[in-house]
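Peer 1: Listed below are the residues making up each chain.
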Amino acid sequence: MSATHGKRRPAMIDEPRATDGRAPDVFRAGGWTSMRCYSESEEVDFAIVGTGAGGGTLACKLAEAGFSVVAFDAGPFWRPLEDFASDEREQEKLYWTDERITGGDDPLELGINNSGKGVGGSTVHFTMVSLRFRPDWFKSRSRLGYGFDWPIDWDDIEPYYGEVENALKISGPVNYPWGSPRKAYPYRPHPVNAAGLVLARGAEALGIAWSPTPLATLSAPRGRAHPCVYRGFCRIGCSTNAKQSVLVTWIPRALKAGAEVRDLAMVGRIEMDRNGRATGVLYHRLGEWRVQRARNVVVAGYAIETPRLLLNSANDQFPNGLANGSGFVGTHLMCHSGPNAWATMEEEIRCYKGPPSMAMSEHWNYCDEGKDFDGGYAFMSQGPLAAEWANVVAGSRGHWGMKLRREMTLYNHMAGLEIVGEVMPRPENRVELADEEDSLGLKIPRVTFSYCDNDRRLQRHATRFMSDVLRAAGGRDLWTGEDTAHLMGGCRMGFSPDDSVVDGDGRSWEIPNLWICDGSLFPTGGGVNPSLTIQALACRIADRIQAMAARGELARARRSRSRRTDRALA
Amino acid sequence: MKDFRSPYPGYDVLSKWHSPSWNEQTRQIISARLDDVPERRFLSEAEWALLEAVCARLMPQPDRAAPVPIAPFVDQKLAENRGDGYRYADMPPMREAWRRGLAAIEAESRERYGASFAELPEADQDELLEAIEAGRVDGEHWRGLPPKRFFKALLVKQVVTIYYAHPSAWSEIGFGGPASPRGYVRLGFDERDPWEAKAGHD
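Sequence lines, in order, name chains U and Z.
Quick note: the first sequence uses numbering that gives the first Met the number 0, first residue 0, plus one each step.
Quick note: the second sequence uses numbering that gives the first Met the number 0, first residue 0, plus one each step.
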């Protein structure tokens, strides 16, 4: 190769970018945007730990409501146009790869599989699938007989689904086949790739509905972002900004509204006073531990880091960790099961083109007839890249050696389906602290996960059904595998301090100025990707906080506030 | 069957290097991967030689004069102690797991065949690897290191991930490879953009 210009591999980003009154302008190479900065001694209204689907969204909404907000993220502030390469190994930099211990009968793969580290969180590498919960799932115990009821109902969250879909300009069909009546999606659907057309053909042959997937990637221009070019590297970071991640949607809005984002800032402890109230956060940035004072602290670190931080913040008054009086912190952790089925097609599929899941069916989320299990699942077409695909083949079929190399040459003819399968919330699936410490001296998390019989029955049903779909679509040489996706639960919301960590507004039962806003809130997981629901919850929590402030029910400052904030808190 | 033939003999992703399918950041990453193959830093010479022998069975490349390098990138990962973000509760930390796993392969080889793994005939090497894969090994050297887990979750996973991150591997399976800023236009059944792999001999 003659094209080596002596260029060095770009270094990992180890210096914060959001400093000194400015933050990266993600839409312009080398560009900056101004950022309001708060002093650490100033007691801000909200310190938010995490800037993903929960924290990033909330930071935006609270800042727009006039609150002073500082949002922390342990990872870098990426510039997608410059930092993101078309390369699976390079893009491993997007994942949370700090050591965690994973155990139980069915230990979860973490890292690349379900966690991001960086401003925007996991939405920087999510597959953009943007689905609403089935309305009944908010009362799944009362209406469907399994799991737990949420303390909020469909009517509480429905308007916020609409708000998020509009904020992300979700592309989707004019008529979506499932769920309660809804408005058209903001942007038109994308053309379905061959991998998705296999699903469509199979579903139609079996007489069930399918749909182009509602996706958070642009099907038309928006501001300074171009429509999706179908490069297919979505799962490892979009280099064109077509993907409507939190990094390119809520965060720029948050900055504009006066929020400060601190990147490469790992929060290690929530600071508490003697009266049992949070006073700020202890965080590590630029090589030293620092404290930001705040009237309210919101934890939005997702289903592992959120319980970890609450547990790591234990003190004399709260020896079992914060917000953990009833012992629920870390419990009822869920993933989505992801059994999959693959077939060789006569046609060339080339599934690496376009977003990975361009077609899907929620048939088994809404039809309960003939199920021998509780819960539901959506199944979707798949688009693994080369190394990801090799790991599927090696992992599921046990191929290696020449057998693997030969099997891999069928890549362009492969089509597959995978589910987002509901998993029952159970107390024994949980996050705890291990005895080991990380490089900052913080105890690392230990995750324990096992499926129950119901989870297995759901997966068997799905594997059978997806195999039928593939056969009906003309697939041959079928085989199946297992996988998981997403994390939910661990700090669930509920009806009382006896059954949960926080109330329906994400407010801790024990510590009134400590909040949680991320996927760890979910009492049940449903059978759809969680990001849309996390963002809808964040929008709702922001509105609730605003209403509480208006009624004078929020933590009041002892010092005088800015005029902007006064208005909001008045 | 030892031979290997790609269905796309006329396709080379690197021919797109200067095309709109490759941007500068991707060119930098891939040129480093091709030209700056890391030196040995973590493994001992003996461990390195053993790993090379293992890689040659897990990802045999008799069709290539210069095989895609794998061991150097495993060593790089270990030298940098760059984990995947999780460690199974029944496994030691990554570096220790690799060290002990390689030692166990060698010990197993000496126990079963009275010879070093690298010196075994290919059939015996495969037989031994299959035994580890199936967990049909139980010597003292596997204590605290579940052989099936080591084989699947560490060894095979790393080797496969490294091999299929190489442009030569992308070319042989007809993967489009880097695709930014230019993505794809033709998405349907049997639809191929001119810059994608074409099957068959021209």
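There could be a bad hint or two in this list.
Stated by the list, open to error - Some chain U residues close to chain Z (C-beta under 7 Å, calculated; not the full set):
hint, residue
1, 12
2, 229
3, 288
4, 346
To be verified - Pulled from the structure, derived: some chain Z residues nowhere near chain U, Cβ distances all over 12 Å:
hint, residue
5, 51
6, 77
7, 81
8, 84
9, 99
10, 154
11, 156
12, 177
13, 180
14, 190
15, 191
It is worth saying that the hints were derived from the structure and are not from the lab.
For every residue, glycine included, the Cβ atom is placed at its ideal position computed from N, Cα and C.
Peer 1: Work down the list of hints and note, for each, if the structure agrees.
Peer 2: We went through each hint and held it up to the structure:
1. Proximity of residue 12/U to chain Z is violated relative to the hint, the smallest CB-CB distance being about 13 Å (cut-off 7 Å).
2. Hint status for residue 229/U relative to chain Z: holds, with the closest Cβ pair at about 4 Å, below 7 Å.
3. The restraint placing residue 288/U at the interface with chain Z is violated, with a minimum CB-CB distance near 23 Å, outside the 7 Å limit.
4. Taking 7 Å as the C-beta contact cut-off toward chain Z, the hint placing residue 346/U at the interface holds, the least distance being around 4 Å.
5. Here residue 51/Z stays apart from chain U, with its beta-carbon at least about 15 Å from theirs, past the 12 Å limit.
6. Annotated as non-interface, residue 77/Z keeps its C-beta farther than 12 Å from every C-beta of chain U; the closest such distance is 14 Å.
7. For residue 81/Z, the non-interface assignment is contradicted: its Cβ lies about 7 Å from the closest Cβ of chain U, within the 12 Å cut-off.
8. A beta-carbon of chain U comes within 12 Å of the beta-carbon of residue 84/Z; the shortest separation is about 3 Å.
9. Annotated as non-interface, residue 99/Z keeps its C-beta farther than 12 Å from every C-beta of chain U; the closest such distance is 18 Å.
10. Look at residue 154/Z: its CB is around 9 Å from the nearest CB on chain U, not clear of 12 Å, so calling it non-interface is violated.
11. Residue 156/Z, annotated as away from the interface, has a beta carbon of chain U within 12 Å; the closest lies near 6 Å.
12. A cut-off of 12 Å between C-beta atoms contradicts the statement that residue 177/Z is not in contact with chain U; the least separation is 4 Å.
13. Not every beta carbon of chain U lies more than 12 Å from that of residue 180/Z, the smallest distance being close to 7 Å; the non-interface claim is violated.
14. In this structure residue 190/Z is not separated from chain U by more than 12 Å, as the shortest Cβ-Cβ distance comes to only about 7 Å.
15. Its beta-carbon lying about 7 Å from the closest one in chain U, residue 191/Z breaks the requirement of being farther than 12 Å from that chain.
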